[in-house]
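Top line first, the protein sequences correspond to chains X and D.
Read in this note's numbering, the first sequence has 107 at position 107, and its numbers run on one by one without any break.
Read in this note's numbering, the second sequence has 122 at position 8, and its numbers run on one by one without any break.
Keep in mind that the hints were calculated from the coordinates and are not lab data.
Keep in mind that this is a model prediction, so the values were computed, not measured.
Take these hints with a grain of salt, some might be off.
If we take Cβ atoms under 8 Å as the criterion, some of the chain X residues that face chain D in the derived model are [what the hints assert, rightly or not]:
1) Pro41
2) Gly43
3) Leu45
4) Phe47
5) Leu48
6) Arg50
7) Phe54
8) Trp66
9) Ala88
10) Glu96
11) Tyr99
12) Lys101
13) Pro106
We treat Cβ as the ideally placed atom computed from N, Cα and C, and that holds for glycine.
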Amino acid sequence: AQKVTQAQTEISVVEKEDVTLDCVYETRDTTYYLFWYKQPPSGELVFLIRRNSFDEQNEISGRYSWNFQKSTSSFNFTITASQVVDSAVYFCALSETSYDKVIFGPGTSLSVIP
Amino acid sequence: SAVISQKPSRDICQRGTSLTIQCQVDSQVTMMFWYRQQPGQSLTLIATANQGSEATYESGFVIDKFPISRPNLTFSTLTVSNMSPEDSSIYLCSVVHVFTDTQYFGPGTRLTVL
């Protein structure tokens with residue numbers, strides 16, 4: 001069975017600090033996809049990244065970076081120099097294929113304090 | 115990315131009534147899904163909306179309670195029937211874009227049942 005664990009329920013950081021959100025997944029599939037979504041207080045779910053299991057290269061997009069380690073089944077997300085607008089709930093998710101249903105983790109609520 | 119709209123954006127309903135939520139996409143998509151997010155919780159898949167045929171429901175969800183239609187590639191409806199306060203949630207439509215194979219989410223419908 002597929003499962004996503006986000007051990008950090010809530011995190012608070014002061015603006016400009018770096019913060020890493022942890023994600024650990026379980027799957028028996030050899031091919032799978034991992035995602036991160038952001039849900040700000042408005043409620044809309046914003047797609048951040050999709051990564052397939054064959055691509056273990058780390059990715060950087062502006063202040064965001066992702067560290068995928070297949071050996072530890074982890075897909076961690078780092079925000080550098082956090083800003084108040086980063087305050088949101090962040091979901092890590094997993095699917096068998098890119099067009100299949102997505103299994104969501106419980107989410108991590110990030111608060112960035114000015 | 116696909117532009118997804120949902121109607122209504124929010125509603126307050128009385129126990130025992132039904133509400134139909136519409137999801138409209140501005141471009142062709144391969145898959146459409148309906149998710150539920152209960153207060154303070156993560157997202158749970160209700161069903162896959164299949165074009166021209168019955169939806170595929172996840173364990174714990176039944177057609178009598180959550181009838182779904184998808185008459186064409188870009189439109190779907192979810193009905194929450196015989197509502198109770200436990201149905202108070204955000205209901206989100208998601209689509210897999212035909213060109214990017216990435217799953218995007220609509221803005222959600224925030225439902226409160228009194």
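Restraint outcome when Leu45/X is required to lie within 8 Å of chain D by C-beta distance: It holds, given that the least Cβ distance between Leu45/X and chain D is near 4 Å, below 8 Å.
Per-residue hint verdict: Tyr99/X, partner chain D, C-beta under 8 Å: holds (4 Å)
Hint validity - Trp66/X Cβ closer than 8 Å to any chain D Cβ: Violated. Min distance 15 Å.
Status of the Arg50/X interface restraint (C-beta, 8 Å, chain D): holds (6 Å)
Interface restraint verdict for Ala88/X against chain D (beta-carbon cut-off 8 Å): violated (14 Å)
Chain D contact restraint for Phe54/X - C-beta distance below 8 Å: violated (14 Å)
Restraint satisfaction for Glu96/X [CB to CB of chain D, less than 8 Å]: Interface hint status for Glu96/X: violated (12 Å vs cutoff 8 Å).
Hint check, Pro41/X versus chain D [nearest Cβ-Cβ separation less than 8 Å]: With a minimum Cβ separation of about 12 Å from chain D (threshold 8 Å), the hint on Pro41/X is violated.
Status of the hint placing Leu48/X at chain D (closest C-beta pair under 8 Å): violated (11 Å)
Satisfaction of the Pro106/X interface hint, Cβ to chain D closer than 8 Å: At 5 Å from the nearest chain D Cβ, Pro106/X passes the 8 Å test, so the hint holds.
Proposed interface contact between Phe47/X and chain D, which counts if any beta carbon pair is under 8 Å: Holds, about 6 Å.
Interface restraint verdict for Gly43/X against chain D (beta-carbon cut-off 8 Å): Check passed: Cβ of Gly43/X comes within 5 Å of chain D, closer than 8 Å.
This entry does not satisfy hints 1, 5, 7, 8, 9, 10, going by the numbered hints stated previously.
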